[in-house]
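Enquirer: These are the residues of each chain, in order.
2 protein chains.
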Amino acid sequence: MTAIITIGNEILLGKTLNTNLQYLATGLADLGLAVDYAVTVRDDRQQILEALDKCWQEHEIVITTGGLGPTDDDITKNTIADYFGKQMSFDPNVWAHVQTMFSRRDMPTPEINRNQALVPEGFRVLKNERGTAPGLMFELSGKCLFALPGVPLEMKYLFATHIKAILGKKYARKPVIQRNIHTFGISESLLAERLSEFQIPQEISLAWLPQTGRVDLRLYGTDAELIDQTLNEIMETIRDYVWGIDEDTPPEVLGRLLREKNLSLAIAESCTGGLVQTLVTDVSGSSEYFKGGVVSYSNEMKRDILGVNAGTLKTYGAVSEPTAREMSAGVKELAGADIGISITGIAGPLGGSEEKPVGTVFFGLSIGDEEQVFRQIFTGDRENVRHKAAEYAIIKLIKELLRKQD
Amino acid sequence: MTAIITIGNEILLGKTLNTNLQYLATGLADLGLAVDYAVTVRDDRQQILEALDKCWQEHEIVITTGGLGPTDDDITKNTIADYFGKQMSFDPNVWAHVQTMFSRRDMPTPEINRNQALVPEGFRVLKNERGTAPGLMFELSGKCLFALPGVPLEMKYLFATHIKAILGKKYARKPVIQRNIHTFGISESLLAERLSEFQIPQEISLAWLPQTGRVDLRLYGTDAELIDQTLNEIMETIRDYVWGIDEDTPPEVLGRLLREKNLSLAIAESCTGGLVQTLVTDVSGSSEYFKGGVVSYSNEMKRDILGVNAGTLKTYGAVSEPTAREMSAGVKELAGADIGISITGIAGPLGGSEEKPVGTVFFGLSIGDEEQVFRQIFTGDRENVRHKAAEYAIIKLIKELLRKQD
Numbered sequence: 001m002t003a004i005i006t007i008g009n010e011i012l013l014g015k016t017l018n019t020n021l022q023y024l025a026t027g028l029a030d031l032g033l034a035v036d037y038a039v040t041v042r043d044d045r046q047q048i049l050e051a052l053d054k055c056w057q058e059h060e061i062v063i064t065t066g067g068l069g070p071t072d073d074d075i076t077k078n079t080i081a082d083y084f085g086k087q088m089s090f091d092p093n094v095w096a097h098v099q100t101m102f103s104r105r106d107m108p109t110p111e112i113n114r115n116q117a118l119v120p121e122g123f124r125v126l127k128n129e130r131g132t133a134p135g136l137m138f139e140l141s142g143k144c145l146f147a148l149p150g151v152p153l154e155m156k157y158l159f160a161t162h163i164k165a166i167l168g169k170k171y172a173r174k175p176v177i178q179r180n181i182h183t184f185g186i187s188e189s190l191l192a193e194r195l196s197e198f199q200i201p202q203e204i205s206l207a208w209l210p211q212t213g214r215v216d217l218r219l220y221g222t223d224a225e226l227i228d229q230t231l232n233e234i235m236e237t238i239r240d241y242v243w244g245i246d247e248d249t250p251p252e253v254l255g256r257l258l259r260e261k262n263l264s265l266a267i268a269e270s271c272t273g274g275l276v277q278t279l280v281t282d283v284s285g286s287s288e289y290f291k292g293g294v295v296s297y298s299n300e301m302k303r304d305i306l307g308v309n310a311g312t313l314k315t316y317g318a319v320s321e322p323t324a325r326e327m328s329a330g331v332k333e334l335a336g337a338d339i340g341i342s343i344t345g346i347a348g349p350l351g352g353s354e355e356k357p358v359g360t361v362f363f364g365l366s367i368g369d370e371e372q373v374f375r376q377i378f379t380g381d382r383e384n385v386r387h388k389a390a391e392y393a394i395i396k397l398i399k400e401l402l403r404k405q406d
Numbered sequence: 001m002t003a004i005i006t007i008g009n010e011i012l013l014g015k016t017l018n019t020n021l022q023y024l025a026t027g028l029a030d031l032g033l034a035v036d037y038a039v040t041v042r043d044d045r046q047q048i049l050e051a052l053d054k055c056w057q058e059h060e061i062v063i064t065t066g067g068l069g070p071t072d073d074d075i076t077k078n079t080i081a082d083y084f085g086k087q088m089s090f091d092p093n094v095w096a097h098v099q100t101m102f103s104r105r106d107m108p109t110p111e112i113n114r115n116q117a118l119v120p121e122g123f124r125v126l127k128n129e130r131g132t133a134p135g136l137m138f139e140l141s142g143k144c145l146f147a148l149p150g151v152p153l154e155m156k157y158l159f160a161t162h163i164k165a166i167l168g169k170k171y172a173r174k175p176v177i178q179r180n181i182h183t184f185g186i187s188e189s190l191l192a193e194r195l196s197e198f199q200i201p202q203e204i205s206l207a208w209l210p211q212t213g214r215v216d217l218r219l220y221g222t223d224a225e226l227i228d229q230t231l232n233e234i235m236e237t238i239r240d241y242v243w244g245i246d247e248d249t250p251p252e253v254l255g256r257l258l259r260e261k262n263l264s265l266a267i268a269e270s271c272t273g274g275l276v277q278t279l280v281t282d283v284s285g286s287s288e289y290f291k292g293g294v295v296s297y298s299n300e301m302k303r304d305i306l307g308v309n310a311g312t313l314k315t316y317g318a319v320s321e322p323t324a325r326e327m328s329a330g331v332k333e334l335a336g337a338d339i340g341i342s343i344t345g346i347a348g349p350l351g352g353s354e355e356k357p358v359g360t361v362f363f364g365l366s367i368g369d370e371e372q373v374f375r376q377i378f379t380g381d382r383e384n385v386r387h388k389a390a391e392y393a394i395i396k397l398i399k400e401l402l403r404k405q406d
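Same order as they appear, the protein sequences are chains A and B.
Its first residue numbered 1, the first sequence is counted upward by one per residue in this note's numbering.
Its first residue numbered 1, the second sequence is counted upward by one per residue in this note's numbering.
Please note that the accuracy of each hint is not assured.
Same chains, same names: a pair is fine if it fits in one copy or spans any two.
[Claimed, not checked] Cut-off 20 angstroms, straight-line C-alpha distance, at most; resulting in silico cross-link-like pairs (SDA-like, lysine to any residue):
#1 Lys261 with Glu288
#2 Lys54 with Asp36
#3 Lys156 with Thr16
#4 Lys356 with Met107
#5 Lys170 with Leu31
#6 Lys127 with Gln99
#7 Lys356 with Ser103
#8 Lys164 with Thr19
Since the hints were made in silico from the structure, they are not lab data.
Next up, chain A with everything else stripped away, as it sits in the complex (with noise of 0.2 angstroms):
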């Protein structure tokens, strides 16, 4: 049915991972579109046309990726015209929009530009707000052609936007439906344990998917109706432990529950430098719940700016129960906000110790006069430790607001 063409030296060098076919692969999957066969070429007219022959004279759908910009290299556009033998015709509303991108950076449109307004005859322009470069689309016999470019943004811009609504209308079929549980404090094994008695639908395919730290329930099938109805089952039986379903995020779901509540929050870190308060702010109006908060890297900033006392630091250290519980507390404090977390612990790869090895992290929680300590160790390099622990601070807030609900 469908065929992918990726061209770059980048990706045959090993220097770039070839994201962009998990991405069209699976956003043709959840169109019911298969992907037969999949290709890496150089930039190299004759590959180029090899791969696209074979692919064009076997397959009813041909997207290519990569070699659309306006360099020498970009040899893409020109030799996919010249296998339909097709001319070049400039588009006036491509360049007009190539040079809006540009003075939208407040930059003049280099003349070298210029290339990216021509069109091939007969083939179709998708808008790419995104970047400079358009993506193309051919049809002739009932098949069709998608030329995008390689930056992956660009590309699944160009795909969300324009393609698979298209494809969608063209080739209609029974999409595989699927929904996800998430689950948190709790290990795959024993989760398998809990839903050994269950009975799945065969029509169900059931996928675990351990991520790091956490694990993830799939469902998949055609059949909407009995993939809800399951879901709702498990869900039923595993309910201690999930945190969300779907797409949702831990950001998402914290900042659901928060405005729910009406509730505020402030956030102070050490170890995990920044990233906690990055996730919660990567959601659209974060602002709403979300007051802000402080990277206390240094012990000065620790005593001086959240209230953290010096015997403290000086008795347990920075990374310890007692500083963990003064950090939220003078953080929740500082902002004026009702819930205060905090993280400080060892990221590593250096300063761990026998008794506080690298990736152990201590946890505070200040909700209302409340405060909570956790400990725990988190295994693989500082990226690891810093990723865990960040989603851990988070999903710990959000069973708490959960377990109070109750």
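Got chain A; can you put chain B on it based on the hints?
Expert: Chain B alone, transformed into the frame defined by chain A:
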């Protein structure tokens, strides 16, 4: 020279990212062997035969990954044997190894695994200490084929342990060397104009790699000296736009400069919500120069903690030059640092106005007694705007520190 055939439905369904290709391409490039062609096919006999035929006709080295397991959908081995007209023969050494692998896990060896000990006649076995499926090698008329399992851990083991040495001996080449130049503050096309009169030796390839908000240049070839010399000449031509080379990342370059100059840093963020601090603290050892900072999402925090004048906020608003200026001075003072950076803007999708559209960001930079403010407009969605703004803040400070050096 080399072709890679990735076999597996999972990749074409978008469920798995093809990391094997990147690993192999990088490993082969290190040996001076270029990958010219890569194809992904389903676990389908006809597709595998076609890909094999094309690759074996046109390339000297062919590597397949995937489809060597014991279950029904693993058909790679039989298909390859058929292609070369070879019978299978039972290899007792492989069978002994399979049994050892199971007994190590205290498990009896399932009968189904007997077929893993079947080896096409004339093929060499590459022992797989990480799994039960052996790697296979076949040589004919100066060409060679390798069949590897798809599990990344096993594939990597076989490549590193066996194939590297075999290929290194057989096809010793000068390794491909690559060097990168990271630029900032200039578009791809303007950069191309700047370099239009620059003569790049024909032994060297130049690739343009647009990143979000900046452009990288990559030089590659086999003559290290010539590449270094060309790199230096290009750097000289566009030096005002260069912030780093090779594997440099903005936070690492910034860290190096701050350490060299013995300067400390504090950061106040609004629209980026902690992202700049997250990036800066991704670098291990950043506590040596990063004191910490504030995420001032509310006006009260800007006023009460960073000391931004209530009048400034009222007259000019939170997203304005004067606020950015006072935020950077304030956080520098608060943290007792040598340098303060501030970021305040509109990440979107809401909150834009005609005068200050979504993507408008003000940056404050206080170095000692010097204060500067910059205004930028970034395109893209909320995530893009935040990422571009965060990176801009870091690279801007790098350029400022480099400028002072001159």
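Enquirer: Please sort Lys164 with Thr19 into within, between, both or neither, judging by C-alpha distance up to 20 angstroms.
Expert: Within. Shortest intra-copy distance 18 angstroms satisfies the 20 angstroms Cα cut-off; inter-copy 26 angstroms does not.
Enquirer: Could you figure out if Lys54 and Asp36 sit no more than 20 angstroms apart (CA to CA) within one copy, between two copies, both or neither?
Expert: both (13 angstroms within a copy, 17 angstroms between copies)
Enquirer: Is it within, between, both or neither when you check Lys127 against Gln99 at 20 angstroms Cα-Cα?
Expert: Intra 14 angstroms, inter 59 angstroms, cutoff 20 angstroms: intra-copy only.
Enquirer: What label fits Lys261 with Glu288 when the C-alpha limit is 20 angstroms: within, between, both, or neither?
Expert: Within one copy only: 12 angstroms inside, 40 angstroms across.
Enquirer: Quick one: Lys170 to Leu31, C-alpha cut-off 20 angstroms, is that within a copy, between copies, both, or neither?
Expert: within (11 angstroms within a copy, 47 angstroms between copies)
Enquirer: Between Lys356 and Met107, at a C-alpha cutoff of 20 angstroms, which is it: within one copy, between copies, both, or neither?
Expert: Between copies only: 18 angstroms across chains, 53 angstroms inside a chain, cut-off 20 angstroms.
Enquirer: With identical chains treated as interchangeable, where does the CA-CA distance between Lys356 and Ser103 reach 20 angstroms or less: within a copy, between copies, both, or neither?
Expert: Cα proximity of Lys356 and Ser103: across copies only (16 angstroms, versus 54 angstroms in one copy).
Enquirer: Treating 20 angstroms as the Cα threshold, decide for Lys156 and Thr16: within, between, both or neither.
Expert: both (17 angstroms within a copy, 18 angstroms between copies)
When each numbered hint is compared with the structure, no violation occurs for any of them.
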